[in-house]
Every structure is written in C-alpha cells, then in structure tokens.
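**Student:** These protein sequence lines are chains P and U, in that order. Position one of the first sequence corresponds to residue 7 (this note's numbering), numbered consecutively onward. Position one of the second sequence corresponds to residue 992 (this note's numbering), numbered consecutively onward.
Misleading hints may appear alongside valid ones.
Computed Cβ-Cβ distance ranges for the label pairs, DEER-style [what the hints assert, rightly or not]:
| no. | chain 1 | residue 1 | chain 2 | residue 2 | range |
| --- | --- | --- | --- | --- | --- |
| 1 | P | 227 | U | 1067 | 43 to 53 Å |
| 2 | P | 42 | U | 1052 | 28 to 38 Å |
| 3 | U | 1067 | P | 123 | 39 to 49 Å |
| 4 | P | 312 | U | 1011 | 23 to 33 Å |
| 5 | U | 1060 | P | 185 | 54 to 64 Å |
| 6 | U | 1061 | P | 84 | 34 to 44 Å |
| 7 | P | 351 | U | 1063 | 19 to 29 Å |
Because the hints were derived from the structure by calculation, they are not lab data. C-beta: ideal position from N, C-alpha, C; glycine also.
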Amino acid sequence: MLTRRHLVRTAGAGLALTGSGIGLLSTAAAGINLPSGLPEGLRNNAILDTLPGKKPLIKLSYRPPNYETPIEYFRTAITPNDAFFVRYHLANIPEVDAKTWRLAVGGDGANGETQLTLDDLKRMPAAEIVAVNLCSGNRRGLFQPHVPGVEWGYGAMGCARWKGARLKDLLDKVGLKKEAIEIVFDGADGPVTDKTPDFIKSIPAWKAIEDTTLIAYEMNGVPLPHLHGFPARLILPGWTGTYWMKHVTSIKAVTKPESGFWMNPAYRIPLGKFPTVARFTSQDTAVNTPITEIVVNSLITNPLDGAPVKRGAPVTIGGIAWDAGYGIDAVEVSSDGGKTWTAATLGEDLGRFAFRTFSYGFTPKAAGKQTVMARASNKIGQGQTTELIQNPAGYHHNVVHAVTLNVT
Amino acid sequence: MRAFFILIAAVAMALPAAAAEQPVELKKAPGLDKVEGNCSGCHSLDYIVMNSPFPSAALWDAEITKMIKAFGAPISEADAKTIADYLKANYGS
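Only chain P is shown next, with the shape it has when bound in the complex (with noise of 0.2 Å):
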C-alpha cells in the first residue's frame, strides 16, 4: 500500500520533471523551495499536500485549508485551478448543493428582494475577465519584525480567467436606494461554533457597481470548484482577496457601514502609509483603513532562488508583474545590486488585472553568488519599494524581489 508521504513525495518529483529542470526538490529536504526568511517553524513545519482536486501545495495549515502555490506555476500568466492557492478563514466549509443553493439579494438599501438560482445566474448576461486574486497577506511571512498571522510566501495570489454575471445587473434586479452606502457579502462556509464571527465582508457602493465586479461561477472555463468557491464568488479585480466571498449566498446593500469582526479590526492597514488611490472612506476611521487595492508587484519565478547556472551562458530571467489594474508600464532587471536598471520584454497582456509576464536575457560573467532583481511600475507612476512598509497585519509586501543565482 502506498504511504501518504510516498504519494506526496512522487507528486513532488513528478512536477520537479516536468518543470524547467529546477525542480521543488532541489532545495529543502521537505522538497519545497521556501524562502530563507519565513519563520523557522513554518520551514520545518510547510510539507507539499495533495488536497481533493489539487496538485499538491505548499500546506501552511490543514484546518482551515490554508495552501500556497509553488512559485514554479507562475511562469504563465494564467494560474491552472488545479494550482491556485487555497485560503480560508473559518473551518466549516460545506459542499454546496447547486440545486438546492440560492443567492439572496436584497438589504435595507434596495427597493426590493429577490433570489436566484444557478441557473437563473448563468441566464444573465455573461462577462469575463482575467483578474488576480492575491491574499492581502501574501508575502505576510517575509515581514521583519514578524507579524504574527498566516505565514505565507511568495504563493498566495493567481490569475483566472472569470465568467459570471455583472454585480450591478443583480443589484438592478432590486434596485439600489441612494441611501445604500455599502454590499455586504455572506457565504455558505462559516465557524466551527457559533460563538465566532462568520465571515461577512462589505465593498463600497461605487465599487459594486463598476463593470468589472463579477458574482462568478467559472473559473479558468470550467465551474469554480469547490475550494474556489462553487457555486458563485465575488470577483473584484484590483482588489485584496479578502473581498472575494467565495460560496456566495447572500447580497445586501446596506444604509450603514458593515461593523462585523471582519471589516473592524481585520484587514485594516494605517491611514496615509501606502499610495492607495480607490477608498473606502465609508469604514474610515480616525487611525485606519480597510485594505483595497493591489499594490503593484513583480517576481521572479525562473530560475528560482539558488538555482544553479553556468558561467557565459545565456539564461532567461523570467516572471510576472501585476497592480490594481492601473496596467504594467514596464519590469526592469538589475544584476548590479540596483546600481542599474534595464527594461526587460512584457509578455501578452491578457488585460489591466491580469499577471503580466517579462523576460530578460541574461548572461552571468562571473563565477560566484550572482543576485538579479525586477521591480515593475505601473501606468499611474507606482512602483515597487526597496524598503518594507511596516504595518500592523502584515499586508502590501512589495518590496522588490531578489534571487540569487550559483554560477560555475
């Protein structure tokens, strides 16, 4: 019989082949490549776990499921579902019923009630996009001093291609009142004891009704799947994930801010520190914010950190760039320590919420640690910092990636 370590591990090695030759097994004895500054414990404790449907992940936690992407499956602009990260708050996740499963729409802000079933759903008018969806803690693992919390890497975020109806087409269903200030979002998934907060979260008015808001039911052209939100989730392109209410039920507008644990004092970030352009002033309070949008990001996803290359001979360095959807003005490289900068080449732009991949040949000269570095700036003049932006939860860890290459 087959162990649960065996099958882990031949599932390891088998995207190790398939992969660019730099394989997850190249580094750690787990078989993960980690990056050397996340916390000891999650080093010794992160193991590559086969999820139903998945391929295996990094697993951070089993209960609530909380799983990131090896970096390997950021080469390509689209994250495959089978891949993509899973995060959860709260351990009561129910498999939902499509048939049986309806999407309540209404609140003290509409004119009106009304529900939906999936097929009344997928009967609207349909839009796609191409959006990323990044944890606002990705990266929370990296932060020095440590900031306690989900201790990710470089892997909580992809990019899908989505498919559903238009939030404000189901909000025109009931009508929004001009009162209704903010859409507060519930989904089936919620905790273990009553006692503790479900997961609610609230968007603001204007945001809601912008074309690009999405009540979704595919994901990369197939149904979500269940750990992605089956049947129907928000898609709110430029936005944390936080916002994104997977196994949707209930949509409400509302005439006064939403006060849930979740939107006070979870995913706040201090006023004034980062360059936010898209608020939401509604939660405001006197030293705090909610998260909002995506602050514009790159990495290096080949080769990976330590990868072994030769001396005079060439090598792509490639990776992925993304932003609140302001769109990638440009990547540049440096191999001089960030003494000089030079533009590498944009891959397909699948649209302005999408990864947007670059490459940039590179030859090393010298034998020794060899360090490379990208940082991307986007069309409204932001770019990456050099230096991490303290903040009390964790979040917007921008910095400008590194790896260094061995060279012989």
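Given the coordinates of chain P, assemble chain U onto it according to the supplied hints.
**Tutor:** Just chain U, lined up with the frame of chain P:
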C-alpha cells in the same frame, strides 16, 4: 462544552472534500493536553508552529485573548493560563 465537541465532530464528518488532515505533533511538555483539547477544535495546530520562534510572551497572551474574546473560544481561565505557559515555553521568543 460537550455540545461544542459534538458540533466539531459533525463538521468534520461533513467535509468529504477536506484533505486527509494529519496530526500536527507539538513539543511534548506540560500543558500540551490543554493545547490539544482547547485549540484543535477550531483549527489545526500548525497555526501555532508556523509563527515560531517569534511570538513574545505578550504576543502569545494577546493571541489567546483574541481566541477567547474575538473568536469566542470556550477556554476556561485555568486552561488559558496553562496554554499560555506552554506556548511561551515551547514556541515563543
């Protein structure tokens, strides 16, 4: 309390799509039974390990307070003290 654990068992059985969760073995030291008994009802224990060795004593106290006050964990005062001592001694800085 008993109803709480029955609820947990029911939830666990209603999760056919969940991964085969393996036991997370924490350091064997006094208080481990209280940690396993009180914490693992709502979350797997890898949450504790992944932050080590950074949490200070004050941070572990704050985390336990958050679990009780914000998340409604039904942990007695005596158990909370035992859990705090265990976490500080084994997974703290």
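**Student:** Does each hint hold? Answer for all of them.
**Tutor:** Results for each hint:
1. About 51 Å separates the C-beta atoms of residue 227 of chain P and residue 1067 of chain U, a value consistent with the hinted range of 43 to 53 Å.
2. The supplied range of 28 to 38 Å is met by residue 42 of chain P and residue 1052 of chain U, whose beta-carbon atoms lie about 29 Å from each other.
3. Our hint of 39 to 49 Å for residue 1067 of chain U and residue 123 of chain P holds, since their Cβ atoms are close to 46 Å apart.
4. For the pair residue 312 of chain P and residue 1011 of chain U, the beta carbons lie near 31 Å from each other, so the given range of 23 to 33 Å is met.
5. Between residue 1060 of chain U and residue 185 of chain P the beta carbons are some 33 Å apart, a value that contradicts the proposed interval 54 to 64 Å.
6. Restraint check, residue 1061 of chain U to residue 84 of chain P: a C-beta distance of roughly 37 Å satisfies the suggested window 34 to 44 Å.
7. For the pair residue 351 of chain P and residue 1063 of chain U, the beta carbons lie near 53 Å from each other, so the given range of 19 to 29 Å is not met.
Checked against the numbered hints given earlier, the structure breaks hints 5, 7 and satisfies all the rest.
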